[in-house]
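Model the full assembly from the supplied sequences, consistent with the hints where possible.
Chains A and B are the protein sequences, given in the same order. Its first residue numbered 202, the first sequence is counted upward by one per residue in the working numbering. Its first residue numbered 239, the second sequence is counted upward by one per residue in the working numbering.
If you're looking for bench data, these hints aren't it; they were derived computationally from the structure. It cannot be assumed that every hint is accurate.
[To be verified] FRET-style restraints, in silico, Cβ to Cβ: (1) B/S537 with A/M268: 51 to 59 angstroms; (2) A/M268 with B/Y348: 38 to 46 angstroms; (3) B/D608 with A/G453: 54 to 62 angstroms; (4) B/K258 with A/S551: 53 to 61 angstroms; (5) B/K484 with A/S251: 46 to 54 angstroms; (6) B/A621 with A/R276: 26 to 34 angstroms; (7) A/R276 with B/R250: 17 to 25 angstroms; (8) A/H490 with B/S445: 55 to 63 angstroms; (9) A/R276 with B/K413: 50 to 58 angstroms.
[What the hints assert, rightly or not] BS3-like mimics (lysine-lysine), calculated; alpha carbons at most 27 angstroms apart, straight line: (10) B/K336 with A/K543; (11) B/K626 with A/K225; (12) B/K413 with B/K378; (13) A/K543 with B/K286; (14) B/K378 with A/K543; (15) B/K481 with B/K392.
For glycine and all other residues, C-beta sits at the position ideal for the given N, C-alpha and C.
In case you want the letters, here they are:
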Amino acid sequence: MSLCRYLPTPSDRMAVMWTLLTVKDAVVLEYGPAGTTHYCVSLFGAMGISPDQTLFTTHMSEDDVIMGDVQRLERAIVELDQSYHPKVIFVIASAVTSVIGTDLVGVCSYMQDQVDARLIAMENGGFRGDYTIGLRQAYTMLARELSGAEAGPLPGRYNVLGASASSYRIRSDLWEIEDLMSRSFGLVQHTALGVDSSLAELASMGGARVNLVLRAEALPAARYLQEQFGTPYFYGVPYGYNGTRGWLAGVGALLSRPVAQEVLDQLQERESQAATFRMYASMYQNKPHRPAAAIVGDYDMIQGMAAMCRDLDFETDLLLCPHTLKDIESPDPNVRHFTTEKEQLDALRSLEYHLVLADDVSLHVCGKTNTGVCVSFPLVSHVQIANHLPLMGIRGTDYLLETVDRYYQVLE
Amino acid sequence: MDGQTLVSRMKRLGEVKSIKEVTQLSSAIFPGPHCPLMGAMMAVRGIKDSIMLVIGTDECTYYTKNTTISNAAFGGIDGRCLSVVLDQHDVTFGCKEKLDAAFQELMEEYRPRAVFLVTTCVVEVIGDDVDSMAEQLQEKYGIHIMPVHTEHFKTENHLPGVRDTITACFDMMKKQPVTDRVNVIGQRMGDFTTTELYRMLCQSGISLGMKLPSGTTVSEIEQAPGAKVNIVVNPIGLPLAQKMQKAFGTPYVLFDKYIDPDRIYGLYQELFSCLERPVPQEVQTLYQRAKQAVTEARSRLEGITYIYGNTPIDCFEYNAFMVKLGMRPLLIQTNDLPPEGDPNRQAILDRWDPYVTKTANIAPLQYVYDVLRPNLYLGHEYATRLRKKGIEIVHGDIMSPMLGLEVTLAGVSELIRASDAARQLREERKAI
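Right under this line is the structure:
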């Protein structure tokens, strides 16, 4: 990347922070200059994360940087342990401590004897890559270090792996999944790693009946949990009516249980109603602008929404991922990741008469002939408040189809 | 967290000689002070046709853009806060190659008159010579390019970032013929044209030149040496004013946001003397009114205790003023300490010896309230949470856009309101 005009892609460290801050009964301690901590509060607020009494920083002086003095960190660890009695303290590096090579793992190792809290170091200073690298590491660490089966088997429960506070409407999506899982299979959520989990839930998550993996970054954690506790996992995201049916069928096959007829009937009814949109698509085949969609967001979201668009007979001629695809197993060649912002902007600015499912910045950049809806991060004019307005599942598709309808009203 | 332990760790004002001796309330802090990068952002925001180019990690550049993205003064989402994002390669081999490429794109797309190259912690740690890069770019493109260094590990808060950005503007200035106008340097919040001081200047036929950083242009900065006087409304403007005095002979008056009416009146006299004009009659009237308000406030404020957090007014001047009114400081949070012998510091110590600690650490402060049990808290806090502990908050932000004797009138009025409310809270708690 050279010049960045808008928001850069968040780093691994940022994702580690926003993931670990959602773990209840633990605290996060940053070892670095305090300004970063103060600066990040508004972003976390927009994600629906409150850092009050859970996020702390040590600050650093020039002496600490030059001499590599870690006494400030040692004192902060002891103080947090004695003052707040957390069960776990996540000690996170900063860009500065990464560059000067502070051995956080070593500090946590020798400090462990002096505190009751479990110390876990995360040496992500923001140079390992984008946020997907951080998510992968955070999910894997949580599974490896903190998961267990303390409460024994939890036959009526499932875990969600791969939810992230950075996904727009994630809490609503979890609510929708909960509804689908409950009505289809009678299962309820045990914990959602990365959005809504506690140390106690992590310690018993190994007993769940199934793990639902919503994004590729959580696959290593899912595989570990399968090896360790024998918990099967299903990888996929329920977007679109057809996609939701397929997702439920996949989960059902894993559970060896049929999907409840009531849910299948509901999906059938909705699909019949949505047939109108396929008819519109055929009517537009010979018009100046054929129905086409552009999707910008995380890889798994793109895959799910692109399938939904194809079900509506839309072309999906621009699928853009802000994050690296190098860790995606057999990535779809149609999904592109540009290494410079300029290439991405050029691609977005070239769009005309498209349905654009994207983030606030991408939507802003697209020309006015396009019809857009916010489905991904970063957010500028949206905030994460609602818990009942999903993008996934039946209700999510209902909502997205309202935008499709609006699109047809302006398509020439 | 044990409040008694926290209090026992703090030093008294009389025990400390420099800010380095003032300890944090705790080693683990939240939210912590803002960094100079944010200070630089606040300063560039007010220079309309300039660009801020942040050189740093994804995180520093993300948060800076995110903070400006809804800000109309920055131009919103398409605004003039841009960045060069560094990765592992740049940290190892330096940022010059990437900066050069980014700058070319910037010049093609934005055609600015001035660019601030703002570094961050990592750039300073690896020792990239951004000053030389700025010189080379200035030579190549023929526009003003000013490096600003914002490493947070060398500073206490964001103010050095504001200070260094406005000081860097000196390089844009050119010698000018002097006319009857003033520059306003160092105003961080509010609009100068809404202040009492501005009204008094207008009454005397004095016009405004550069308002840095509260709202100016590159042209106004270039022509700033044509002003008769520089009014420095915050100490962050002093380095620039001193450089201008040395280079162009422009005198300056430090007219900070003070609250003591005698001090403010004295500054009016000094300023109008520099302007070779009489002090406007309205200043006399306001001075008398402010003196009367202070006299009447004494009986209402005598014995009121408080913790001082962060306000727009000069910290030690405000505390000395409140001590003069009979109030008692229990704890002063500050990131700057005047030297021994400073009259305000001495005025406080003559009556009380409060605890001192650094600002922006409200998490452990909750436990200190239960030990010190003040009537008032001056600064940013959660008012409802404080009231549950019998403490009333004093809203200082109402004075942010003020300069002159209006600060005294508004400040005293707010202290009386809060003190009355605090007494009522105590009564209600007793009744329970």
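Status of each hint after checking the structure:
no. : hint                                   : result
1   : B/S537 with A/M268: 51 to 59 angstroms : holds, 54 angstroms
2   : A/M268 with B/Y348: 38 to 46 angstroms : holds, 42 angstroms
3   : B/D608 with A/G453: 54 to 62 angstroms : holds, 56 angstroms
4   : B/K258 with A/S551: 53 to 61 angstroms : holds, 57 angstroms
5   : B/K484 with A/S251: 46 to 54 angstroms : holds, 50 angstroms
6   : B/A621 with A/R276: 26 to 34 angstroms : holds, 32 angstroms
7   : A/R276 with B/R250: 17 to 25 angstroms : holds, 21 angstroms
8   : A/H490 with B/S445: 55 to 63 angstroms : holds, 56 angstroms
9   : A/R276 with B/K413: 50 to 58 angstroms : holds, 53 angstroms
10  : B/K336 with A/K543                     : holds, 14 angstroms
11  : B/K626 with A/K225                     : holds, 26 angstroms
12  : B/K413 with B/K378                     : holds, 24 angstroms
13  : A/K543 with B/K286                     : holds, 25 angstroms
14  : B/K378 with A/K543                     : holds, 23 angstroms
15  : B/K481 with B/K392                     : holds, 23 angstroms
Comparing the model with each earlier hint shows no violations; every hint is respected.
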